[in-house]
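A.B. asks: Here are the chains, one letter per residue:
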Amino acid sequence: MISAFIHKFSSPKSYVRLTEKLYPFFIVLGVSLLTLGWIWGLLFAPQDAVQGNSYRIIFLHVPSVIFAELIYFFMAICALMHLVWRVKLAAYLIKAAAPIGAMITFLGLFSGSIWGIPTWGTWWQWDARITSTLILFIMYLGVITLHGSFSNLIKADRLMSILVIIGVINIPIIKKSVDWWSTLHQPASISISGGSSIDPSMLYPLLISIIGLGFTLISLGILSSRSYIFTREKNKKWIAEHV
Amino acid sequence: MFDLAFSNLHEILDMNGHGIYVWSVYALGISMIVISFSIAKKRIAGIQKKIKINNASS
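Line order of the protein sequences matches chains A and B. Residue numbers are given in the working numbering: position 84 of the first sequence equals residue 84, and the series is strictly consecutive. Residue numbers are given in the working numbering: position 34 of the second sequence equals residue 34, and the series is strictly consecutive.
A few of these clues could be false.
Claimed, not checked - Listed next, the stretches of chain A that the computed footprint assigns to chain B, with coverage defined by at least 3 CB atoms under 8 Å from CB atoms of chain B:
id : segment
1  : 38-47
2  : 56-68
3  : 135-148
4  : 152-166
Worth flagging that the hints you see were computed from the coordinates, not collected in a lab. Even glycine gets a Cβ: it sits at the ideal position worked out from N, Cα and C.
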């Protein structure tokens, strides 16, 4: 019954039709909020008493690392759906999401390194948070490379899904690394359960930047997944009718 | 909360010596996002063109 339900709502055809309608809203919302959040954070938020203006990197760094983890978690759910219920759309979504995840993880690492120069006096430190995020970046590259190395795409989908599931163990390690080990990296500044250690004048633009980047990345994911679906399903009748 | 944190363009660019770090991060971030969208759009246009040619020839 669950399998029938999942397959009914996860056909590439219905996905393409639905996302075609959603894309214009998501891209406008994403770019508008990201622009608002970044302008607010860069020009209107007050200077930090300890870090000066270098802290303004937070409005790109924190959203980037949040989505670096969330995209991998999303890929792990898709991998599970592909392996358990053989949902082919789930494999297509992993393939489309992996390069976006790699890009945003790189951006998180790069922005953190640049932030480290004026703040810590070094651009790199082999501490738990940074090393586990680097492993996440390597996992994304591994997923992309593994899928690209097979000519049998069905086999590639399955092996890619297994690798994604194995790699998901790294996500709680990244999340908890600042609590479990002594590290240069500061603990989380914002918390869903409350108790954020950041002033509202900095918190609001940060939250807007997070939501804005989220919708922007979903829009990018929609475009990438549609192009991959068109490639994989190009001989199907519905594609010929759709294009 | 909505007062400009800087008094002129030079201060905005310099950010008390931190401008080079801050602006380089945002320049790379915006460039990567824009390039990713551009690549994805070109791929869609390319595959749609191929499918249309295949449809016309079959």
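A.B. asks: For each hint, tell me whether it holds in the structure or not.
C.D. replies: Evaluated hints:
1. For the segment 38-47 of chain A, the assignment as covered by chain B holds, since 7 residues bring a beta-carbon within under 8 Å of that chain's beta-carbons and 3 suffice.
2. With 5 residues having a beta carbon nearer than 8 Å to a beta carbon of chain B, the segment 56-68 of chain A meets the requirement of three or more and the stated coverage holds.
3. For the segment 135-148 of chain A, the stated coverage by chain B is not satisfied: 0 residues place a CB nearer than 8 Å to a CB of that chain, which falls below the threshold of 3.
4. For the segment 152-166 of chain A, the stated coverage by chain B is violated: 0 residues have a C-beta nearer than 8 Å to a C-beta of that chain, whereas at least 3 were required.
In the structure shown, a violation is registered for the earlier hints numbered 3, 4, in ascending order.
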